[in-house]
Amino acid sequence: MTPIPATSLEDLATEAHAFFSARVPVRVRGGMTHGDGSDDIIGVGLDKGDSEEVEVEQAREWQRALFDAGLAWVDGPTEFGGRGLSPEHARLVDEIATGYAVPTPSCFMVSHEIVAPTILVHGTLEQKEAYLSGIWRGDIVCCQLFSEPEAGSDLASLRTTARRDGDDWIVSGQKVWSSYAHVAQLGELLVRTGPPGSRHRGLSTFLIDMSTPGIDVRPLRQVTGSEHFNEVFLDEVRIPDSARIGAVDSGWTIALTTMSNERSVLADEHNGIMIDPVLRLFALARASGAIDDPAVQDLLAECWAREQILRTTGSRLGADETSPPGSVVKLMMTSDMQFYIEVANRLLGYRMIADTGEWGTFSWSQLLLSAPSHRIAGGTDEIQKNIIAERVLGLPRDVRPSAITEERHGSR
Amino acid sequence: MTPIPATSLEDLATEAHAFFSARVPVRVRGGMTHGDGSDDIIGVGLDKGDSEEVEVEQAREWQRALFDAGLAWVDGPTEFGGRGLSPEHARLVDEIATGYAVPTPSCFMVSHEIVAPTILVHGTLEQKEAYLSGIWRGDIVCCQLFSEPEAGSDLASLRTTARRDGDDWIVSGQKVWSSYAHVAQLGELLVRTGPPGSRHRGLSTFLIDMSTPGIDVRPLRQVTGSEHFNEVFLDEVRIPDSARIGAVDSGWTIALTTMSNERSVLADEHNGIMIDPVLRLFALARASGAIDDPAVQDLLAECWAREQILRTTGSRLGADETSPPGSVVKLMMTSDMQFYIEVANRLLGYRMIADTGEWGTFSWSQLLLSAPSHRIAGGTDEIQKNIIAERVLGLPRDVRPSAITEERHGSR
Amino acid sequence: MEADDRRALRDAARSCLKEYAEWTADQHVESTKTGFDRSRWKLMAEQAGLQGVRIDERWGGAGLGLSAELIVHEEMGRALYSGPYFGVAQVAAALSEMTDDPANHERLAAIAAGDLIAVPALPIEETFPLEYPEVIRSDSNVLELSGSLPCIVDAQIADALLVLADFEGFHAFFWVDTTAPGVQISPLETVDLTRRMSSVSFDRVPVEVVAQQDRARAAVAAVRQGTALALSAECVGLATRALELTVEYVKVRSQFGQLIGSFQAVKHSCADLFVGLEAARSALVLATRGVETNDMIGRRPESLAGLAVARMYCGRIAFDIANESIHLHGGIGFTWEHRAHLYYRRAKSNQSLLDSTGRQARLLTSSVLAMHQAT
Amino acid sequence: MEADDRRALRDAARSCLKEYAEWTADQHVESTKTGFDRSRWKLMAEQAGLQGVRIDERWGGAGLGLSAELIVHEEMGRALYSGPYFGVAQVAAALSEMTDDPANHERLAAIAAGDLIAVPALPIEETFPLEYPEVIRSDSNVLELSGSLPCIVDAQIADALLVLADFEGFHAFFWVDTTAPGVQISPLETVDLTRRMSSVSFDRVPVEVVAQQDRARAAVAAVRQGTALALSAECVGLATRALELTVEYVKVRSQFGQLIGSFQAVKHSCADLFVGLEAARSALVLATRGVETNDMIGRRPESLAGLAVARMYCGRIAFDIANESIHLHGGIGFTWEHRAHLYYRRAKSNQSLLDSTGRQARLLTSSVLAMHQAT
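Chains as they are written, first to last, in the working numbering: chain Y, 552 to 963; chain W, 552 to 963; chain C, 24 to 398; chain D, 24 to 398.
Isolated chain Y, as found in the complex (with noise of 0.2 Å):
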């Protein structure tokens, strides 16, 4: 792709609005109806069990066609595929974007927001020519290849080794909770080259191809029905030195990076999870009559505060570089949907749990499935605790073996 040439702000919505308005329909999100339309409450793929060959294949068109737009890595440095636009440009174009019913790439959420940010930063440059417009253009799409059976919550004490052999690496272990490996090109790799107890200290990280020998994918299924994550198996597999990114040892700095964008897409992306849950409380206890009680009057003033409370929480403290948005933000999400289930709950009773055919009613059964994961995913809530109580709040660490700051999280 050849560079574009700077783009005012005006100009950048105009080519925008052409392009979204040409493809997709606007957005009807938002409106308090009740019985039009699709009645998902979460968003597509990502706990529903459809079939993800499917769903790649049908967002990897629509990121190309954004991509040869120039719309899909606005603030991307131009030599590697981007448009060379500031982070503003950027964020005109996502906040447009939300004003049509674009696809959810959720494909595409850990090659864009979680690795294609770490290649940029901790990657050589023929890793960066080799894959970061390739990964914005939708082509390769990359897994995370980080927790292990035996390391959740604490991912330094992960089991799965390099060893040097000449210009190569062999790595053998196990791998899991990986969303969307079976269907990736890339991996990125976070094992252990130093001593075994060597801890964060001993590890490195690699960006693996995925068709390399020795990788056995085996969809994890979940309680949802869908296998969105994965098992990974790695029996003896040789990869280049040249896939190393950073260096041998401090594969635990380029894990923060990662983990860090990590927790911040997971807060972020808290609209995506779920399909205006509000809204479609406050349409359903108005088509039922519920909304005359006024037990329920009291029950949906509370969603509504705590859905503005969220989004207030996450563009006040993403605005203020000094706090720690993605751990406030991720605990009061878990709760905030914990509380909508039960509140769908006393407005559908049994037509949650059983499928009556009415519209509406049994897809809130998505939500009560998935939401346990987003207690665990990303770091626990206990986790995101310790991480406010020690790093916002100044407490000391908690009195262990190991403390719990330096090694944080990665549990999934």
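I should point out that these hints are in silico values taken from the structure, not numbers from a laboratory. A portion of the hints provided could be inaccurate.
Cut-off 25 Å, straight-line C-alpha distance, at most; resulting in silico cross-link-like pairs (DMTMM-like, lysine to aspartate or glutamate) [unchecked claim]:
#, chain 1, residue 1, chain 2, residue 2
1, C, Lys56, Y, Glu778
2, C, Lys65, C, Asp79
3, D, Lys274, W, Glu701
Partial chain W-side listing against chain C, Cβ under 8 Å, derived [said to hold, decoys possible]:
#, residue
4, Val605
5, Phe833
6, Asp849
7, Gln859
8, Ile860
9, Thr863
10, Arg867
11, Lys936
12, Asn937
13, Ile939
14, Val943
15, Pro947
Computed beta-carbon distance windows for the label pairs [claimed, not checked]:
#, chain 1, residue 1, chain 2, residue 2, range
16, W, Thr907, C, Arg322, 39 to 49 Å
17, C, Gln50, Y, Asp690, 35 to 45 Å
18, D, Lys56, W, Glu909, 15 to 25 Å
19, D, Glu325, Y, Arg574, 26 to 36 Å
20, C, Arg322, D, Lys56, 51 to 61 Å
21, D, Glu325, C, Val275, 47 to 57 Å
22, Y, Arg752, D, Thr316, 48 to 58 Å
23, C, Gln50, Y, Gly765, 29 to 39 Å
24, W, Ala564, C, Arg322, 27 to 37 Å
25, C, Ser209, W, Ser866, 38 to 48 Å
26, W, Thr907, D, Asp182, 21 to 31 Å
27, W, Ala564, C, Glu25, 25 to 35 Å
Since this is a predicted model, take the numbers as computed values, not measurements. Ideal Cβ placement from N, Cα and C applies to all residues, glycine included.
Fit chains W, C and D to the given chain Y structure using the hints.
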């Protein structure tokens, strides 16, 4: 008092009814009335700022009559002033008493439920003869001298020392949170007789005459404005070795008896702490018309359910000797109390925080102000949860320099 | 019933349900798909006599009381048993109120023997406005049932339904053969993988009256009270097991070089769940006592209030425990293969049946007010 | 207003309130008993100009906006200031809506100078049924105010009251000298030791009309919105301070040989409180934005909903934080001498004034429905 021959339950009931009905009115508690009688929400003397001297004098008068009628210590051994009947007999009298408006002798709680049982189990014959009948007759009021400013939840770290001096011990240090210490004649004192740092292995228990020179009792004003607790300063206080209860350095065992009595007392006494809170809330809602609000109906339903569950749990676990009733019931009670306060606030609005003179409104502020103490006194909520986790569920002790189970609570 | 007898019954039920208690999600899904194994149901009757716990000895039962049956329901919840015990027990209770009719002797005997599966078909909660099916006397003097019910537990594997319907201005119970013409039973997709539910509709189905007027009232009370108590007992059972499994797990799982069960956050969470479980158990005891205190037609405010407490709390607490159980298991608890979600699903399902839309709280408050009308 | 200016204003207010922020319960009780120290009030105006933050520069104020004033209210809450700033600010806001009347210029100037203490006298929550005092034109053509209000903040130390009363079928604002014959102000015992409240009654008090009809509506909106926001900001301020003090304490207090702040139960409790505090702050921001978006007569559903969120959350969260703060201090936090209970008392007091009986939730829901009437 001469021993009274064995009595049937029926005869005892007749006797008790005769005694109570001749002296006090039938108890009118339990009705859903609003606007009659006292609008106190919490028990007399407990947190209300009444003068303790007056309270104790009135309680003593009642206690003497009860004792002289053989109804004070029904199941106590006759040789020490008890009536020598069965625990079943004693429970019967207690039950009959609840049907009458008998004074709530909260100043005797420590004496009768905590110190007297400890003396009965661990005391010498001389100690039993010297104190038990006086305690049960109300002549001797007891206090507990356990907690210290630097030894709250962590009682085993206490620093008040007793050093041997011939046949005597010389005690120095500071105690705190001693209920009724400034009207008490006898104190149960826990002190360090072992070296500093000997923790629970170096403690001994004494029964100390509160008029001994060197004891300085200073009332400690509480949030409620009352002066129910005290600080007790001990400056080279000389006490005879005969005041020791149990072996030297085995005070911890005795403290455990005392504290488990204490916890079940606190759990049993929840009715004494609050006066019909739930029926009062119903009555208040009915009087104001708020009862017509379905959301208020929902809150009242929760209140009633909580109260019934607390009572049922108390009697269920009390009957099953393998369970730890105290911790479970105490946690329920403190949570219920918080809930009742919120419901009262919802019904009363500003009338709970400003005294408009209206009956049964501002009196709820008594509960508001005393509630926090109940989550602290007799072992904090956190200590109770540790007890349940470790002793009931068998979870490992906290990782820390010293473990909690052996050295449990004592914080007030 | 003495403590020893209670324990013996509990052990018998638990041992009988042992195999089911280990079923995975896949086994449950498969079992629901392929229908119900009648031979094992029969075995349960023959070996442990569970179906006849409350049926009089004259008709082959054990002649025990409501409390005894609730011990079994608790075990059913604990084992996440997916068979029709829950509903069959209610029909047995209802028929036991009407043993003056010899037809019911046979039915009770067949139930006790494990040969008859009959479940009640009535709206899940006693609420207004109620929509009941209706029975009309046809021109040819045949009683014909029409109408529908949106969600009936185990209807798809039942031989017969005990249907509460409007009849000549009152409620009456009717016996409906599920193979009769005009009966349509459509299985529903459910959140709970261990419970079958169906919508049921009737189109001029010829039926037989089982009870009318006062007799119907007593039977309705037996079914309603029994339903609430049985589901509440299931909740206590499943919550007890979910908490046990969680406590076991946190005693063996390590992170950060120590057992996660030694973290205070985990310990306190388990302690909170334990306190909740005791509350649920108390709610069940409270409700059972209220019902046992001679409330034949189910209208005493004391028994209504007690039942409302159980309906409000047992489901809610079981769900909280099952939810936290998944959480404390971490990632593994969120996999299909791990059994944690089976408790979560059943808990929410039972909760939704027990107190579907907050009506129990209203009923509770009005019952308390009714108790204190005089004061 | 730039971040630097905001910080400067905050620092000025904090430094001005420094001494009050250390007052003990005994000092507060003593101060309330002995009346209000006018010379220090005057000093606050002279040295920091706090009373005139929102008053136009023409009348001696700083001419800043609502957001600036809320910074000061937050500091007032933080310092548990017990003077009449809260109400005086509302009167200044109301009078600033009516500067076409020269009498108000003088009043504004006197307020800015610290010479006039005037507080609003209207029912605490805008609810129905409302009971307002009434003004009647006497035979001699004098306007006379009669009626009573049960709970007015700082009335006992005010020179004048801005009374909202019924007048010829509408609401109107009246200026009432507290020394006028017929005014009776009776101080009330309060839970909050840092806030004065009185019941106020009027018996044919001669009054002067300040605003009627549309002008009154704008002034009423200013007072109501300002009251809700000021109290909410106080809650945020006091909760921030209570949490700071708690975190400081758990960093120095040891039990079981370690700092109690290293226990996970304590850490997670503090983290929960921090999350709550952020929520309260967001609620305040949300409500302020809604009001600032040009809602002159206070009837736009967006601004009503935002205010309802602040009223519901700021008080509740401040109380939770203050409550937990006492708890985390252990026994010492429950003594009269420790300042923890002062936050607890003020938080519950403010909460009761902000959302006294759950009506805000209803208002919120109906506002949201009004926003979406079309869809």
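* Asked: Within 25 Å, alpha carbon to alpha carbon, are C/Lys65 and C/Asp79?
  -> Distance of about 18 Å is within 25 Å: holds.
* Taking 39 to 49 Å as the hint, is the beta-carbon distance of W/Thr907 and C/Arg322 inside that range? -> With a Cβ separation near 41 Å, W/Thr907 and C/Arg322 satisfy 39 to 49 Å, so the hint holds.
Supplied contact hint for W/Lys936, tested at 8 Å Cβ to chain C
Since chain C brings a Cβ to about 4 Å from W/Lys936, closer than 8 Å, the hint holds.
- Starting from the range 35 to 45 Å, see whether the pair C/Gln50 and Y/Asp690 falls in it by beta-carbon distance. holds (42 Å)
**Asked** Taking the closest Cβ pair, is W/Asp849 under 8 Å from chain C?
**Response** This interface hint holds because 4 Å falls under the 8 Å limit.
Need the status of pair C/Lys56, Y/Glu778: alpha-carbon distance at most 25 Å? Holds. C/Lys56 to Y/Glu778 sits at ~21 Å (cutoff 25 Å).
- Do C/Arg322 and D/Lys56 keep their Cβ atoms within the hinted range of 51 to 61 Å? holds (58 Å)
- Item | C/Glu25 and W/Ala564 - C-beta distance against the hinted 25 to 35 Å | holds (27 Å)
ask   = Does the interface hint hold: is W/Ile860 within less than 8 Å of chain C, judged Cβ to Cβ?
value = holds (5 Å)
Query - Assessment of proposed distance window 29 to 39 Å (beta carbons of C/Gln50, Y/Gly765) - result: The hint (29 to 39 Å, Cβ to Cβ) holds, given that C/Gln50 and Y/Gly765 are roughly 34 Å apart.
Worksheet item: Can the hint on W/Val943 be confirmed by a CB-to-CB distance to chain C that is less than 8 Å?
Response: holds (6 Å)
_Does the beta carbon distance between C/Ser209 and W/Ser866 stay inside 38 to 48 Å, or does it fall outside?_
47 Å Cβ-Cβ, so the 38 to 48 Å window holds.
Consistency note: the structure conflicts with earlier hint 4 alone.
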